[in-house]
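Novice: Here's the letter readout for the chains.
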Amino acid sequence: MSELTARSGAAGEFVLRGAEVLDRSGRRRADVVVSDGSVVAVGEGLSAATVLDAGGCIITPGLVDLNAGVGQPGYEETETVHSAARAAALGGFTTIVARADTHPVVDSAAMVKEVLALGVGAACRVLPAATITVGAKGERLAPLAELASLGVRLFADDGRGVPDARLLRRALEYAAALGAVIVQFAEEPSLAAGGEMHEGVWSSLLGIGGIPSEAEEVVVMRDLALARLTGGRLHFRTLSTAASWAMVAGARRRGLRVSAEVALHHLLLTDSACAEFDPATKFRPPLRPEADRRAVQSMLAAGEVDCLVSDHTPHSIEDKEVPFGEATAGASSLEWLVALALTELTLVDVGQGGDRSAVPVGLAELIGALSWKPAALVDPATTGLIERGAVADLTVIDPTATWTLDPLRGASRSRTTPFVGRALRGRVRHTIVRGVPVVIDAVAQG
Amino acid sequence: MKHLLGIAGMSRESIEELLVLADSFAEVNARPIPKVPALRGKTVATLFFEDSTRTRLSFETAAKRLSADTLSFSVSSSSVKKGETLRDTALTLEAMRIDAVVVRHASSGAPWQLARWLDCSVLNAGDGWHEHPTQALLDAFTLRQRFGSLDGLRIAIVGDIKHSRVARSNVWAFTALGAEVVLVAPRTLLPPSLEGWPVQMSEDLDAVLGTVDVVYLLRMQLERQNEALVPTLREYTARYGLTIARADRLADRAVVLHPGPMNRGVEIAPEVADLERCLVLDQVANGVSVRMAVLFKLLAGGEGSASDEGSERVGHE
Chain A
1 MSELTARSGA
11 AGEFVLRGAE
21 VLDRSGRRRA
31 DVVVSDGSVV
41 AVGEGLSAAT
51 VLDAGGCIIT
61 PGLVDLNAGV
71 GQPGYEETET
81 VHSAARAAAL
91 GGFTTIVARA
101 DTHPVVDSAA
111 MVKEVLALGV
121 GAACRVLPAA
131 TITVGAKGER
141 LAPLAELASL
151 GVRLFADDGR
161 GVPDARLLRR
171 ALEYAAALGA
181 VIVQFAEEPS
191 LAAGGEMHEG
201 VWSSLLGIGG
211 IPSEAEEVVV
221 MRDLALARLT
231 GGRLHFRTLS
241 TAASWAMVAG
251 ARRRGLRVSA
261 EVALHHLLLT
271 DSACAEFDPA
281 TKFRPPLRPE
291 ADRRAVQSML
301 AAGEVDCLVS
311 DHTPHSIEDK
321 EVPFGEATAG
331 ASSLEWLVAL
341 ALTELTLVDV
351 GQGGDRSAVP
361 VGLAELIGAL
371 SWKPAALVDP
381 ATTGLIERGA
391 VADLTVIDPT
401 ATWTLDPLRG
411 ASRSRTTPFV
421 GRALRGRVRH
431 TIVRGVPVVI
441 DAVAQG
Chain B
1 MKHLLGIAGM
11 SRESIEELLV
21 LADSFAEVNA
31 RPIPKVPALR
41 GKTVATLFFE
51 DSTRTRLSFE
61 TAAKRLSADT
71 LSFSVSSSSV
81 KKGETLRDTA
91 LTLEAMRIDA
101 VVVRHASSGA
111 PWQLARWLDC
121 SVLNAGDGWH
131 EHPTQALLDA
141 FTLRQRFGSL
151 DGLRIAIVGD
161 IKHSRVARSN
171 VWAFTALGAE
181 VVLVAPRTLL
191 PPSLEGWPVQ
201 MSEDLDAVLG
211 TVDVVYLLRM
221 QLERQNEALV
231 PTLREYTARY
241 GLTIARADRL
251 ADRAVVLHPG
261 PMNRGVEIAP
271 EVADLERCLV
281 LDQVANGVSV
291 RMAVLFKLLA
301 GGEGSASDEG
311 SERVGHE
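So the protein sequences, as listed, match chains A and B.
Going by my numbering, 269 is the number at position 269 of the first sequence; the sequence numbering is gapless.
Going by my numbering, 261 is the number at position 261 of the second sequence; the sequence numbering is gapless.
Just chain A, same shape as in the assembly:
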């Protein structure tokens, strides 16, 4: 293989050889030639001056994470845009949407421009999200049109949501004409107050304040009604319960323009994981019981889950070396998401015992929820096809590579994960962003 780096490869031509292509149209054996930021040829037996070996791998349209905490501005000790983007690229993401729950929050043109500037030179594309309301206080609308004109597509008051129904109604109405998506963090504050984990069998035994499933479901129920009222474009953050997903699926069947995302941890862990009081198992929404986990996995397998997200939430070590009840929620995940999902959820796992894969997720459904479905929310022009002329955002996954999750070797500054030491099967081998190989053989370039 000749020299190929992030810098020198920018305009150069290369071929990804020996892989299968998996995109919206299906799966087939094909080489892919990339030049000058675009896919220029797809087919068998192609060649180019430079070869990137992809033998036995799967090439997919670039993965997109709609829900990544990047720590910046305000929490640089836990993460920066660059460290998050590097972890994301190693994890196969070509685009991440940076959550607006920074300090201060991203609620003005100046803040959007700052995040855009911080993203220059990052390993993958970093698109800023912004808050729905000024200061994410839930009182008055942020300048949605101005922010949309700077490229903001997702608006979310993360961690708080918009509890005021009238304000959310106005946001949905106002944003509809902007092509923007209103993202609701679904948690009724009065029901969630004092809760640190899912309210149920385990919270009762462990003596920990609970957040009932209904704290999420009453918001989903109400806001689906508001979506119907307004015709607005509504997306739900990390839904965690079977009933929430059933309501969203039902609303979509009735023609509403609604979507929702699931976080990986809700597919892999249940509330029983909190029994060791490990703050790494504390999430918002909280880990739910097995019945919910299975139901959401079934929805993903059936193609009903729009997006699978990292919900990457950087923390300093000190944030998690405190009692469970005092710890902040969330964990680091960008770099390992694809490998964990492949290991724990896909067909490959069948026959290895355990009921985790009782409803195995097909590779096409998994990649769809990681790639073209989330891409459609932020890049309406994307086709989800790897074809001549397509933007060369590509992820090359080796589905058989085995490795071990070691957060100390990760690119993120945040090392908190409940999956320390997991044996993984499947790894991102190359990541191509706008025609530039930013990760080659699982090593970040530049």
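Treat the hints as calculated values from the structure; they're not laboratory data.
Hints are supplied without guarantee of correctness; some may be wrong.
Said to hold, decoys possible - Reference excerpt, derived from the structure (chain A facing chain B, CB under 10 Å, subset only):
| hint | residue |
| --- | --- |
| 1 | E77 |
| 2 | E199 |
| 3 | L206 |
| 4 | G207 |
| 5 | G209 |
| 6 | P212 |
| 7 | C274 |
| 8 | E318 |
| 9 | D319 |
| 10 | K320 |
| 11 | P323 |
| 12 | F324 |
| 13 | G325 |
| 14 | E326 |
| 15 | A329 |
Each residue gets a CB set at the ideal place from its N, CA and C atoms; glycine is no exception.
We have chain A already, so just place chain B on it with the hints.
Specialist: Showing chain B alone in chain A's frame:
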């Protein structure tokens, strides 16, 4: 047995072993000079993140009567807020080469986390709403003293079970020792789920009163009425308070326990608290014997003892 973290998962045998050991320390405590050299040279630190003078004194008395050195590590909530993590505090203690740490924390699970970070023994002196194992042991000890055995006893635990570490530990201790437990509280003061709890449940104290050998009253926190868990304390007392009239309907041999401190006039009428059948002061006295037994078991006993088998599960590990 290295730690005493919780009662859940402890076997009947390991609980009884501690109670038998406590018997011998009760005998020590009855001597003119209630002190033995059993733990000479050992250091026991109390680490209370939440104030509890009674429990701390009981542990320190127990340690001193075993001739252990005691250290009192005072952690005001303000100094913790300055950024020292629980792990930092643990490592500071470790550096002082102590043999056991007695920890009280407002957050459930904190002793489990400490046990993961520390090499020394960890004794849970109450964590959040979760467990208070030495309270359960002293309650079981008190009932054993009175009735000979807990087998077949019917025990009503009355009050704010949802927020009670005492109730959570006692449910496991009492049932492990053969008693039948009925939880008596309005739905708002019960845990959201009782799945897996070996108990009966009732919202009607009057229906249960005549059927029980033991009424275990929990302290009713005044702030619960502000959280809409009960409309008023007055209404709570009317439905769940152990009034004179209710105490009169108890079986002759029935006794009343309370973990203290009592809210006289709320969960217990002042006159009832002073009845002979109210064993609150026995509980306090027995607390020292039971804590001596636990400290002795963790710090001196256990070598080659067959009872180590239970301690694995005590730590959920």
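Novice: With a cut-off of 10 Å on the beta carbons, see whether E318 of chain A makes it to chain B.
Specialist: With a minimum Cβ separation of about 5 Å from chain B (threshold 10 Å), the hint on E318 of chain A holds.
Novice: Hold the hint about A329 of chain A up to the distance rule: shortest CB distance to chain B must be less than 10 Å.
Specialist: violated, 15 Å
Novice: Does the closest beta carbon of chain B sit nearer than 10 Å to the beta carbon of F324 of chain A?
Specialist: holds, 5 Å
Novice: Interface hint check: G207 of chain A, Cβ to nearest Cβ on chain B, cutoff 10 Å. Holds or violated?
Specialist: Holds. Min distance 3 Å.
Novice: Can the hint on G325 of chain A be confirmed by a CB-to-CB distance to chain B that is less than 10 Å?
Specialist: holds, 4 Å
Novice: Regarding the hint that E77 of chain A lies at the interface with chain B, is the smallest CB-CB distance below 10 Å?
Specialist: violated, 12 Å
Novice: Against chain B, with CB atoms and a cut of 10 Å, does the hint on C274 of chain A hold up?
Specialist: holds, 9 Å
Novice: Interface hint check: G209 of chain A, Cβ to nearest Cβ on chain B, cutoff 10 Å. Holds or violated?
Specialist: Holds - the Cβ of G209 of chain A comes within 10 Å of chain B, reaching about 8 Å at its closest.
Novice: Take the shortest C-beta to C-beta distance between E326 of chain A and chain B; is it under 10 Å?
Specialist: holds, 6 Å
Novice: Is the interface hint satisfied for L206 of chain A? The criterion is a beta-carbon contact with chain B at less than 10 Å.
Specialist: Where the cut-off is 10 Å and the nearest Cβ of chain B is about 6 Å from L206 of chain A, the hint holds.
Novice: Under 10 Å is the threshold here; is the Cβ of P323 of chain A close enough to any Cβ of chain B for the hint to stand?
Specialist: Given a least distance of 3 Å, the restraint on P323 of chain A holds.
Novice: Does D319 of chain A hold up as a contact with chain B if the rule is Cβ-Cβ below 10 Å?
Specialist: Cβ of D319 of chain A sits 9 Å from chain B, so the hint holds.
This entry does not satisfy hints 1 and 15, going by the numbered hints stated previously.
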